[in-house]
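Each chain, letter by letter, is given below.
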Amino acid sequence: MKKAFLSLSVALVFIMSSCKKEEEAAPKSLYDRLGGVSAISAVVDQFITNVAADPNMVRTFTPLLQEVQKGNTARLTALRNNLIDQIGQASGGPQKYTGKDMVTAHKGMKITDTEFNSLVNDLVMALNKFNVPSTEQNELLGVLGGLKSQIVGQ
Amino acid sequence: MKKGLIKTAKISLYSLGFLFVAFVVYANLEPAPMHAYVKPISMTIIKVDGLDETTNSEALQKQISQQKGVTACTVNPASQLVSITFDPDATNESSLKSLVGTYSAKKVEPASFDGITASGPECPVPLSYIQAFERAKYAFCFR
Numbered sequence: 001m002k003k004a005f006l007s008l009s010v011a012l013v014f015i016m017s018s019c020k021k022e023e024e025a026a027p028k029s030l031y032d033r034l035g036g037v038s039a040i041s042a043v044v045d046q047f048i049t050n051v052a053a054d055p056n057m058v059r060t061f062t063p064l065l066q067e068v069q070k071g072n073t074a075r076l077t078a079l080r081n082n083l084i085d086q087i088g089q090a091s092g093g094p095q096k097y098t099g100k101d102m103v104t105a106h107k108g109m110k111i112t113d114t115e116f117n118s119l120v121n122d123l124v125m126a127l128n129k130f131n132v133p134s135t136e137q138n139e140l141l142g143v144l145g146g147l148k149s150q151i152v153g154q
Numbered sequence: 155m156k157k158g159l160i161k162t163a164k165i166s167l168y169s170l171g172f173l174f175v176a177f178v179v180y181a182n183l184e185p186a187p188m189h190a191y192v193k194p195i196s197m198t199i200i201k202v203d204g205l206d207e208t209t210n211s212e213a214l215q216k217q218i219s220q221q222k223g224v225t226a227c228t229v230n231p232a233s234q235l236v237s238i239t240f241d242p243d244a245t246n247e248s249s250l251k252s253l254v255g256t257y258s259a260k261k262v263e264p265a266s267f268d269g270i271t272a273s274g275p276e277c278p279v280p281l282s283y284i285q286a287f288e289r290a291k292y293a294f295c296f297r
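Residue numbers (my numbering), protein chains in the order written: chain A, 1 to 154; chain B, 155 to 297.
In case anyone wonders, no lab produced these hints; they're calculated from the structure. Hints may be right or wrong, so weigh each one.
[Stated by the list, open to error] Within a straight-line C-alpha distance of at most 30 angstroms, the following computed DSSO-like cross-link-like pairs (lysine-lysine) qualify: (1) B:K164 with A:K96; (2) B:K156 with A:K129; (3) A:K28 with B:K193; (4) B:K201 with A:K70; (5) A:K129 with B:K222.
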């Protein structure tokens, strides 16, 4: 009798402990919500083609485009790699951006507000093409938009 | 003389082995960056004479984007340019140029960006050398 009562008590303890509420899953990072590295690289590729065909960006991107037309893709590769790393890091991804800081990278280019806004527009078009939700878009643009003062007018 | 040659060969071998081990340790100090996990791309920019607002740019863009090897495409009537990023192992520039000409039914030619030159100091080491070194580094990164 005592043994049966003890067994029943142990069984009840196990049953009650398994009924506890599941821990709430940690909220996903912007990086995960965007879709990880493959999604980010697809957005970056679309962004690069938008910029290359944008008449407002001809002045600043001509040296890179000249080299691309000659068959030298080293600068294009460097730009793409840096963009992937930077967006990945800015969205909470696991890797780090190891390129130049924005001031150094844009020094002497005298980027104007018009050119910067045009660039942002190209990024928004790329995000829209992949149906990135507006919440994630605003989060990403908020992070990258904070770099404006480091890019414009340098 | 023979002993000297053997000694030189041994020293060279040990030095190379040490350098290789040091390179592998250096390659594994940090995990590979995100861009090491995506395939490299090439890009081509094509000028399409007569590309204007009446052209169905979206349809043309969709047709080119669906081609094998194309990772992204933009058709911009304002600049009359079609820019395409692609996997160089899956397709090439001349095939894409033919496709654009076929789909747009207009004269196409490579876009020219002459007249503007870059200014300012440049890195003395060619960028392609640095990128080749990085690729070798990622190849030996086991993290």
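Just to be careful, I want the Cα atoms of B:K156 and A:K129 compared with a cutoff of 30 angstroms; is the pair within it?
At roughly 70 angstroms apart (the allowed maximum being 30 angstroms), A:K129 and B:K156 break the hint.
So if I understand the rule, the pair passes when the alpha-carbon distance is 30 angstroms or less; does A:K129 with B:K222 pass?
19 angstroms, holds
Can you confirm whether the C-alpha distance between B:K201 and A:K70 stays at or below 30 angstroms?
Answer holds: B:K201 to A:K70 is near 15 angstroms, not above 30 angstroms.
Given pair status - A:K96, B:K164, alpha carbons within 30 angstroms
41 angstroms, violated
Hinted pair A:K28 and B:K193, Cα distance within 30 angstroms:
Distance of about 26 angstroms is within 30 angstroms: holds.
In summary, the numbered hints that this structure violates are 1, 2.
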